[in-house]
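Below are the chains, spelled out letter by letter.
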Amino acid sequence: MSAGSIPSGDQIKDPGYPTASENYLTNSKGALSWLFTLDHKRIGVMYLIGVMTAFFAAGLLALLIRLHLFRPDGAVFTGPEANNWYNQVFTLHGAIMVFLFIIPSIPAALGNFLVPVMLGAKDVAFPRLNLSSFYLWVFGAIFFVGALMASGLDTGWTFYTPYSTTTDTSVILATSGAFILGFSSIFTGLNFIVTINTMRPPGMTWFRMPLFLWATYATSIIQVLATPVLGITLLLLIAERVMHIGIFDPEFNGDPVTFQHFFWFYSHPAVYIMILPAFGVISDLISVHSHKRIFGYRFIAYSSIAIALLGFLVWGHHMFTAGMGPMTTIIFSALTFTVSVPSAIKVFNWLATMYKGSISLTTPMCFAIAFIFLFTIGGLTGLHLGTLATDMHLHDTYFVVAHFHYVMVGGTLVSFLGALFHWWPKMFGKMYSETGGRLAAVIIFLGFNLTFLPQFVLGSRGMPRRYATYDPEFQTLHQISTIGTLLLGVGLLVALFVLLRSLVKGERAPANPWGGATLEWQCTSPPPFYNFERPPAVGDPYDFSDIFWDTENERYVTVEPDRKIAPAEQPEPAHAEGTH
Amino acid sequence: MSTIEAAAENAHDAHGHDHDHPSFLAHHFDTPEQQFDSGKLGIWLFLVTEILFFSGMFCAYAIFRMLRPDVFEGCSQFLNTKLGAINTGVLLFSSLTMAWAVRCSQVKQDRGLVAMLAATLSCAMIFLGVKAIEYSHKWEMGLLPAGLYFYDPANPHPESHTNYLFYICLPFMILLGGVVAWLVVSLATRNKFHVQCAMPLTVAAACFFVGIGLGMVLESGGSEHAADEYQAHATTELEQTAAIQLVSSGESEVLESLATESNTGIQSELSARQRQLENAGTAIVQEGDEIAGAIVSVEENVMTQRKAGVFFSIYYCMTGVHAIHILVGIGFLVWLLVRAVRQDFNPQYFGPVDYVGLYWHLVDLIWIYLFPLLYLIR
Amino acid sequence: MFVLGDAPAGDYAWFPENASTFAADNDWLFGMISIVCIIFFIPIAFALFYFALKYQKPKGAPAESDTSHNTPLELAWSIGPSFFLVGMFVFGAKAYLDHRTVPDGANEVGLQGFKWGWTFNYGGGVYNPELHILIDEPTKLSMRSSDVIHSVFVPAFRAKKDVVPGRYNYMWFKPTVATEKVSDAELQAAIEATKAAGGEWDHDRWQFTKDGYRFFDLYCTEYCGKNHSKMQTVVVVHETLEDLNAWIEKYSKRQEETNPVEYGETLYNQRGCKGCHSIDGSKRVGPSFQESFGNNRVFASGEAIVADENYIRESILYPKAKVVAGYQPVMPSYKGQLSDDDIYCLIEYLKTVSAHSGKTEGGENIEASSSEDALSDAETATE
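Taken in sequence, the protein lines are chains W, B and S. Under the numbering used here, the first residue of the first sequence carries the number 1, and numbering increases by one thereafter. Under the numbering used here, the first residue of the second sequence carries the number 1, and numbering increases by one thereafter. Under the numbering used here, the first residue of the third sequence carries the number 1, and numbering increases by one thereafter.
No wet-lab data here; the hints were simulated from the structure. Even glycine gets a Cβ: it sits at the ideal position worked out from N, Cα and C. Hints are not guaranteed to be accurate.
Restraint-style ranges between C-beta atoms, simulated for each label pair [claimed, not checked]:
#1 W:V490 with S:I39: 47 to 57 Å
#2 S:L53 with W:E552: 24 to 34 Å
#3 S:T71 with B:D70: 32 to 42 Å
Below, a list of computed lysine to any residue pairs in the SDA-like style, where the Cα atoms sit at most 20 Å apart [as the list claims (entries may be wrong)]:
#4 S:K94 with W:L64
#5 B:K40 with W:R200
#6 S:K59 with W:Y355
#7 S:K226 with W:D168
#8 S:K226 with W:G325
#9 S:K140 with W:M243
#10 S:K226 with W:W85
#11 S:K283 with B:G147
#12 S:K54 with W:E251
#13 S:K59 with W:D543
#14 W:K356 with S:K94
#15 B:K138 with W:M243
#16 S:K226 with W:T469
#17 S:K115 with W:E251
#18 S:K57 with W:E552
#19 S:K115 with W:R466
#20 W:K356 with S:F49
#21 W:K356 with S:F46
#22 B:K82 with B:W139
#23 S:K115 with W:T167
#24 S:K226 with W:E552
#25 S:K230 with W:R466
#26 S:K94 with W:Y355
#27 S:K115 with W:T469
#28 S:K230 with W:Y355
#29 S:K115 with W:Y355
#30 B:K40 with W:A334
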């Protein structure tokens, strides 16, 4: 249907544009109004700036790593301390990416902005706690910078004992930073669980929630349940360094493998903290840009929860070669395979959603397609690693590096970018250049594959990870990988440029630029600071039948036919529409 | 913050929302019930994270107890069951007063609420006082985490030790001095609100030294007879009055009394140590012993850095983190106390008291597990 | 993933050389998993791009279908792939149990990992940084670490195991391919070129050891600090037992060209002296070697002598005969474990570290220079 076919006589619903005093970006001015804001949207934006800064820093470190590996004996760092430099760079790359970027990227930055708006609430349940978790993130980041300034960090982001208890770099500063970031993560998760449980407006039943909210809910469960264990582990590690408590350090009768159990009990679920929100984002992106109802809503929703719970049972697969008993090892391998099922379900559901849809190849859709492609590779190569016999060969080689980069970068980063491009008009009220955005998506896709596909081969040929120098037979593949990194970097810069340019030169964004049916598209772009004047009428988040393209104004509008009756659930008397 | 909130308030007015938002209801909630439920769910989730936080240490305890049962048995002899028991009693009592405080806030008994919160605070302080005695004695003996461990069965009380008890007490003395000064100033200026706040806080701060006294008496005990216990109680009361008197006098006197007290503590420790030494099966290598035998007995001795150190590491980690939770709880209780004096709570809005109450019960509950695990199971 | 086809074994395509009994299992399983992955991946990728192009529509066009779910279909694709997973798990676990089940009668070699190198213990006092084993014979490594966690990885054998301080881990493998010996002429040329270049043997350049054997790489795969990437050594698989024994024999005693002091220091480091006797004067289980040779020794029995060659020899072979006052008689006898030449070398070494070896000034110098040697030795050993 085109513009002409908007049914006439029906009520066209479009919130129009916000005034400057309504717009959450401009309703109060001055740096302090941002620094002490309790508005979840502003906190989300501050998070966004923070995580992107962290990503930029860690990305530069990644570039250094790859450039160094251009030559077998190391191309960037030279001299007697070259290997130490390399070790510090890869450690900080990993630590910053994991703790400061990937974990807070979608849940904290985009989640903060989106959860209340998608839910139809005015704010998260605990706005002060929300602001404090942002400042905890900042403190955590300061500790990391402090570690960098003091004497660096060379333990790898995993802080394995006894290396971390004997090295003379600033392990205590960095682990304190990670400890603080853990609390930031716990508070965010706790806030979202409470918000989703208690702040839903009338009519927003559990199964009318957008899948992004389901994914956020599952993520929050992991954040609340797993992060405290990381907290105590890091605390014990600090105590081990300061007082030699002898729990992890074999020199004082401790057991280093116990540390690995403790650490991965958090850090494996943390992988799902990183990828689950990405699943939520992609579910929404695919459905909105295919203008078709999501296929198998309940399967996707339940599989998120299943992944969250199963994710707690598989930490042992990081330690297949560490010396666990054979029986334990085999059980962990079996459990590991079970996690792959819910992930596979989602991929099939997304494809089925695209089937016979009305697809617009917008920038977010390009990222979503790239995500499915890359995540499928990342997921399937996980099978090689979950299988015990092949893991004996592939463990701690570049195969593992490639596998988790396909999941973390090809999965989480690409979906983060897709989400950013999808909700950018809503967040800042500006449209970006579609051509530029699609170009960025294509370059990132190609650059990424060029970087990490060769690493699978490197790994199966036996190239161990975390090597500052390597044997000459691996050189060609390393060089291809490095060239890919440069391309990937260019793609990311293009994406950044497109987004920043839109802030200056972008057209004003309509309330609903993509034709989404979830609640955030029912308020203006950018949303007013109070989100919704009154609790919004909640419909099916994936019902696109009432949404039409208005060619004249280049926007989607919701046409509310007269037959539409009151929401299914009778609103509570306290905020019934009649009182207004 | 203020600008946003002001703007938010304006908006509500402008958009004519006619919910009557009482002052205690945050703008983003619709009803007090919603606010209370959110808070309640939030605090329960937080308690879950707390349990998981401690569970890491309980796991470490379980693993090492399984690996080295003999070490745990031998070392737990060095923990004074009496002090642990009295602390358990104090915490249980504080849970009662806390629950009572929640009840008071629900039925708008403001005076009762202040009294109950003050009682809870005092119990917390007594707990810390007793803990200070336990810690300082172990530090002096060198019963420390593996890396710092220097306990020597032949010479359990090295001469030139630091007076750890003094350093632990110092911040509390400053605290006590501070609240007393506050009380005096507010009495002088006849500021009723401040007097009402400072009075219970002074009592609570003084209770730390009650705990110190209690700890010393029990530490020096070794008394099986009821008569002795009676005497101990009497001494406690004396201590209590003494501590309160000390409040008004200067800090130097406090110091003096502490010094004499710690001497008796050390003497008693010596006798306790000898008993414990026998239990721990420690054999000092005698001259003329069979040499191979000596090596074996050295191996079997659990009171070595590598073995006992791990027990004391776990002991300090668990009780230390628990003590930090008590300190945090004290902070929250003080905040509640001030708000209670301000009469902030009413039957519609008593959430904060309820939440802190739940937190306090959890801290209590964790101690209920720590006490038998560390002190009793032998 | 999609480019990883069924790997042609042995020719350096996806895998290094196929050289142990594990390799065939691993490569077969890897190939099978890869094929399953491709069977899933190609249709997914095809559908992804095909749908994206086929169903691309102008804005506002409604979707052709509004299906919200299809439970049988969803159940099918949830349960269907599980059968493949069960297969992978079963085959993987079976082959893994092979890795963990050491056959009876496996040859045992001790391994110690340290920052940043390996020492293999062949028994009978033969220690060497290279691993030499016999073709078609299972070899078991008993592994321990003296500092942090390391991990032994031999890509050609498809075998890996962490070396964890505070516990013994073990691994085993049965090589199926021997590493042949290069011609003497080639070896000679390499040795001369190495001498000309400064004496450090470059395994990567020659692709054979300084004894002329080709080799398989052995890497450390658990990050262990600065020179983690240098913590490599070689695995040489001998064709015959005689050949292996000849090699072991060669390294069981001092090489003609090795200086006794240097060899003594190696023995000091490798044979366990280091654990109890310091060379810097600090007191460990036993007296420091700094106060040993040439010093007055007072014994537990009260008598005193000046430590000379004979005293040290006696202390090594019969440690309990004379015990220095203040120490326990805990040292084990090294009788039968050290040859006369070994003891001679140790004594020569002790002379250099002693503070009163009769040439005080010079002794200090020798000590300084020899410790530098030790450093460079340690570095070469890791190459």
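*What are the numbers of the hints the structure violates, in ascending order?*
Numbers 1, 3, 4, 8, 9, 12, 14, 24, 26, 28, 29, 30 - these are the hints that the structure violates, sorted from lowest upward.
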